[in-house]
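Chemist: If you read the sequences in order, they're chains A and B.
Residue numbers for the first sequence follow my numbering, beginning at 48 and rising by one.
Residue numbers for the second sequence follow my numbering, beginning at 48 and rising by one.
These are calculated hints, taken from the structure and not from any lab test.
Check before you lean on any hint, since a few could be wrong.
Where chains are identical, the list cannot tell them apart; a pair therefore holds if satisfied intra-copy or between any two copies.
[To be verified] In silico DSS-like pairs for lysine-lysine, Cα to Cα no more than 27 Å straight-line:
| no. | residue 1 | residue 2 |
| --- | --- | --- |
| 1 | 78 | 356 |
| 2 | 375 | 287 |
| 3 | 185 | 205 |
| 4 | 287 | 78 |
| 5 | 212 | 280 |
| 6 | 205 | 183 |
| 7 | 152 | 212 |
| 8 | 152 | 205 |
| 9 | 78 | 212 |
So you can see what is in the structure, the chains are spelled out below.
There are 2 protein chains.
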Amino acid sequence: MPESSSKQEYLVGVDLGGTKILAGVFTSSMKCIGKVKTSTKPLRGPEAVIDRIARCVEDAVDECDLKLEQVRGIGLGAPGAVDSENGKVIFAPNLPDWRDVPLKKQLEKELKVPVFLENDGNICTLGVHSVELEGKPKHMIGVFVGTGIGAGFILDGKLYSGFNKTAAEVGHMVLEVGGPKCGCGNRGCFEALAGRQAIFRKIQTAVKEGQKTVLTESLGPDLTDMRSGDLRKALRRGDKLVERVIEEAAEYIGIGVANLVNLLSPQVVVLGGGVIDALEDEMMAIIVETAHDYALQGTDTDLEIVPSKLGDNAGIYGGAVLARRETK
Amino acid sequence: MPESSSKQEYLVGVDLGGTKILAGVFTSSMKCIGKVKTSTKPLRGPEAVIDRIARCVEDAVDECDLKLEQVRGIGLGAPGAVDSENGKVIFAPNLPDWRDVPLKKQLEKELKVPVFLENDGNICTLGVHSVELEGKPKHMIGVFVGTGIGAGFILDGKLYSGFNKTAAEVGHMVLEVGGPKCGCGNRGCFEALAGRQAIFRKIQTAVKEGQKTVLTESLGPDLTDMRSGDLRKALRRGDKLVERVIEEAAEYIGIGVANLVNLLSPQVVVLGGGVIDALEDEMMAIIVETAHDYALQGTDTDLEIVPSKLGDNAGIYGGAVLARRETK
């Protein structure tokens, strides 16, 4: 059936972040045949960002020598609280002025392709579970450490979202009552202790207090434009300050994972996100050891704690999986 | 059918604790028609405790002028890690020498009635969900604050147990890295901050440091044999030390609840257990306020946080519900 196979057989996954938009084009057997990245420019406001998403999708499809008519559906992961049923972004801390944005409707108007929305932690978890783990584990948790810390829970084989569809907000699980201030207004949240922002802030504070790091050589005394990759380079040069901060963050991530293990008894915990991608070699062993230390006896039997191989692409894979599922 | 209605129409729920055993006899419509309490005497070892459970069940059935032949099934909640499928107590921190105890098999041998086992937090949650909330909420969490802190999760309408069947070990969720030592060997666990033992220890330490409390009048300087009820009486007499410790514990419980709300987005959180039963008036308002403070925006919309009306009977109700479900 040459006609039907050339028509609507492709899927697009989109990862909308506070910094960049990534769109990937997939065959229905989840092979990624092309992707395009663009900056989000969140300060330009929701309308402008939606235009940029649409353009990013068009560019990715064009890059693969395809047309939008050949795309069956688009799955998009957005940061923050997402109303999947109604296709709205309720609010997104890293996207200013995003409140009740009807993202699905507006994108469908621009692209004339069905669009499906999910929270970004959920969509990354869906991607890792379906593609990387081939849907095998019945109970699996994805934890993604980037600017903040997102997550998704596969419980009894399905993405779990709960009563308000907001489940898996692990970034705001309190790990240290009275600890450092978090963007959410509270103190001691997981992401205020171990997210990229928390790691950067600790290093900046230490430098202000007179501690030495090789990072100032390339980034200047204020450490502006620091990236996870800079930390990896500093570690390889034996930087003691960065080493201590990264070890501490890895321990907090291990404790956060142990809390999830004690609560949800997963078979697999997969770690991903920019911080893990950049610092996997330095962090994973500490995370795994700490998690087992804090997991109650019996809860971590045969538990696997592993880094995702999909890296930055977990979101677009998950988007494609969502689009495939919803257009079946 | 008079014969069939007189035969095997009753259910027994048993709550096995580190201090006491409670057995209740129920009609198939979950009306409690009698109950008997006995001490556990855990130091006598598993065999002796199992005999005591059997006798407690026999006494409860006899108290209702019934015979064991009229009991369709017995549901039992045990503290610790329980292998429901194989009817074993894997280990129970508050019951010395309980390791891989085939409780189901031994009780069935003694009583000649089918026995079904569950973790005590799960069974209390099942009781509250089925009987008190009439099975309505699809996503519900039960948190039981006693000597330790137990819990159970109803997710998507079903008791959730996870890969190792150990889910809902909320007592060992870390809330304060580096905090007070817990029985599990780690530091800063929820139950080391807000369980009855933690509350008692804080008061005892304060008294040793020279702080005043009316509790020493009746219990002596070492505060031996302190009970939750003593704290309630002290509060009613305006005891400042007890007030501060109880407020602090209620705040920790609120933060623990908020973590569960952020992670699982339940519709209802029900609080129970000896500490809540005794101090509901003093603690609930603080728990509810703190939980909403720490819940991320959007996660606590229409969320109810309420004390259980079943009190100490949640376990026997849950046991009867389990027995009914398993013998259907």
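Chemist: Taking the numbered hints from earlier one at a time, note which ones the structure violates and give those numbers from smallest to largest.
Modeler: 2, 4, 5, 9
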